[in-house]
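> Go ahead and model the full structure; you've got the sequences and the hints to work with.
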Amino acid sequence: MKPHYIPKFYLKPWEGVDGKIEVFQRRSDGIIVSKRLNRKATGYAVDLYKLPGVDPEDEHKMESAFMAPIDDEAVHARDLLLGDITPAGIRTRNAWARFVLSLVLRNPEEVAQFKTSYADLIMTPQAEFQAKYAAIRREDDPAKFEAWMVMYDATHVERSAMFAITTFIEHPRVLKLFLGMHWMIIDTSSVERKLMTSDRPVMLTQGMLQYAGHYALPLSPTRLFLATTTVDFAERFASLPAGRIVREVNRMVVGQARKYVYAVDGLHLAFVRREMGKQPPPTILGAMLKAAEARKMFEE
Numbered sequence: 006m007k008p009h010y011i012p013k014f015y016l017k018p019w020e021g022v023d024g025k026i027e028v029f030q031r032r033s034d035g036i037i038v039s040k041r042l043n044r045k046a047t048g049y050a051v052d053l054y055k056l057p058g059v060d061p062e063d064e065h066k067m068e069s070a071f072m073a074p075i076d077d078e079a080v081h082a083r084d085l086l087l088g089d090i091t092p093a094g095i096r097t098r099n100a101w102a103r104f105v106l107s108l109v110l111r112n113p114e115e116v117a118q119f120k121t122s123y124a125d126l127i128m129t130p131q132a133e134f135q136a137k138y139a140a141i142r143r144e145d146d147p148a149k150f151e152a153w154m155v156m157y158d159a160t161h162v163e164r165s166a167m168f169a170i171t172t173f174i175e176h177p178r179v180l181k182l183f184l185g186m187h188w189m190i191i192d193t194s195s196v197e198r199k200l201m202t203s204d205r206p207v208m209l210t211q212g213m214l215q216y217a218g219h220y221a222l223p224l225s226p227t228r229l230f231l232a233t234t235t236v237d238f239a240e241r242f243a244s245l246p247a248g249r250i251v252r253e254v255n256r257m258v259v260g261q262a263r264k265y266v267y268a269v270d271g272l273h274l275a276f277v278r279r280e281m282g283k284q285p286p287p288t289i290l291g292a293m294l295k296a297a298e299a300r301k302m303f304e305e
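Note that the working numbering has the sequence shown beginning at 6, numbered continuously upward.
Since the hints were made in silico from the structure, they are not lab data.
Fair warning: there could be bad hints in the mix.
Stated by the list, open to error - Using 25 angstroms as the maximum straight-line C-alpha spacing, the simulated DMTMM-like pairs for lysine to aspartate or glutamate come out as follows:
| id | residue 1 | residue 2 |
| --- | --- | --- |
| 1 | Lys40 | Asp237 |
| 2 | Lys25 | Glu62 |
| 3 | Lys17 | Glu62 |
| 4 | Lys13 | Glu175 |
| 5 | Lys55 | Glu20 |
| 6 | Lys7 | Glu68 |
| 7 | Lys13 | Glu68 |
| 8 | Lys120 | Glu197 |
| 9 | Lys13 | Glu114 |
Following this line, the structure appears as structure tokens:
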């Protein structure tokens with residue numbers, strides 16, 4: 006299976022009359038090239054969410070039963086936002102919040118890092134578990150509970166990590182923060198320069214003007230989604246010259262990119278080669294910490 010961690014529906018606004026988008030791609034040798042591609046030919050990774058140690062018919066359940074529905078439910082919200090309509094219904098807002106949060110951690114690098122961090126956490130000895138294990142341990146069992154767990158099911162930790170990813174995407178506190186934010190759309194069609202996007206399209210508090218808590222995401226070459234903890238910050242940001250907004254957003258989404266950058270044309274190859282990978286990408290841990298900080302401000 007080839008799940009698209011950058012969903013095809015999300016990339017559609019950058020599609021040209023030829024039915025393709027401009028893709029700036031970092032090759033395995035590190036060289037960044039530009040080419041026109043169909044949306045289905047980019048932003049995917051083979052077996053990205055494959056569950057180990059389950060029956061073959063269930064190996065791709067995380068994609069079919071969790072990730073795909075997140076994308077399907079987000080389409081309506083995205084269409085409303087592109088029409089400059091801020092979703093009001095809780096179901097639509099929740100669908101969009103889940104989608105934006107999913108973009109932070111569904112890429113291959115973040116999934117791999119999450120698996121490693123989760124394994125380190127699970128395999129760290131815990132006195133409580135060790136004591137319970139010691140009470141039932143047989144003579145030929147390993148001395149440590151963690152070793153027994155791996156011996157019993159070598160795929161348990163990785164499989165549990167994959168399920169944990171879904172928990173982070175639907176974390177109640179983070180979703181509550183996002184749903185309570187001030188949402189707005191910024192129209193940048195007044196300037197010739199167009200918004201770009203990438204395989205790390207979500208911008209969090211640590212970027213973009215360093216003021217208040219926010220999420221931002223390019224929706225199209227001329228529309229930017231912004232969610233802020235304060236109306237004041239939203240209004241201040243929206244009042245900036247459109248050209249400056251586009252430059253700052255492009256600098257961030259290209260800087261955060263690791264493999265792919267997307268645009269309406271190939272005019273900015275030199276810019277992409279100069280900026281790609283220069284910014285630290287958002288991570289799920291960083292998102293959780295920033296969300297906690299913003300939530301504190303929101304509650305105050």
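> Work down the list of hints and note, for each, if the structure agrees.
Tested hints:
1. A distance of roughly 41 angstroms separates the Cα atoms of Lys40 and Asp237; the hinted pair therefore is violated under the 25 angstroms criterion.
2. With a C-alpha separation of about 33 angstroms, the suggested pair Lys25 and Glu62 falls outside the 25 angstroms cut-off, and the hint is violated.
3. With a CA separation close to 31 angstroms, the supplied pair Lys17 and Glu62 exceeds the 25 angstroms bound.
4. Restraint check for Lys13 and Glu175: satisfied, since their Cα atoms lie roughly 22 angstroms apart, inside the 25 angstroms limit.
5. With a C-alpha separation of about 29 angstroms, the suggested pairing of Lys55 with Glu20 is violated against the 25 angstroms cut-off.
6. A threshold of 25 angstroms between alpha carbons decides the hint, and for Lys7 with Glu68 the separation of about 10 angstroms falls inside it, so the pair holds.
7. A hinted pair counts as satisfied when its Cα atoms are at most 25 angstroms apart, and Lys13 with Glu68 qualifies at roughly 14 angstroms.
8. A C-alpha spacing of about 42 angstroms is found between Lys120 and Glu197, which places the hinted pair above 25 angstroms, so the restraint is violated.
9. At roughly 19 angstroms between alpha-carbon atoms, Lys13 and Glu114 fall within 25 angstroms of each other, so this suggested pair holds.
Of the numbered hints listed earlier, those contradicted by the structure are 1, 2, 3, 5, 8.
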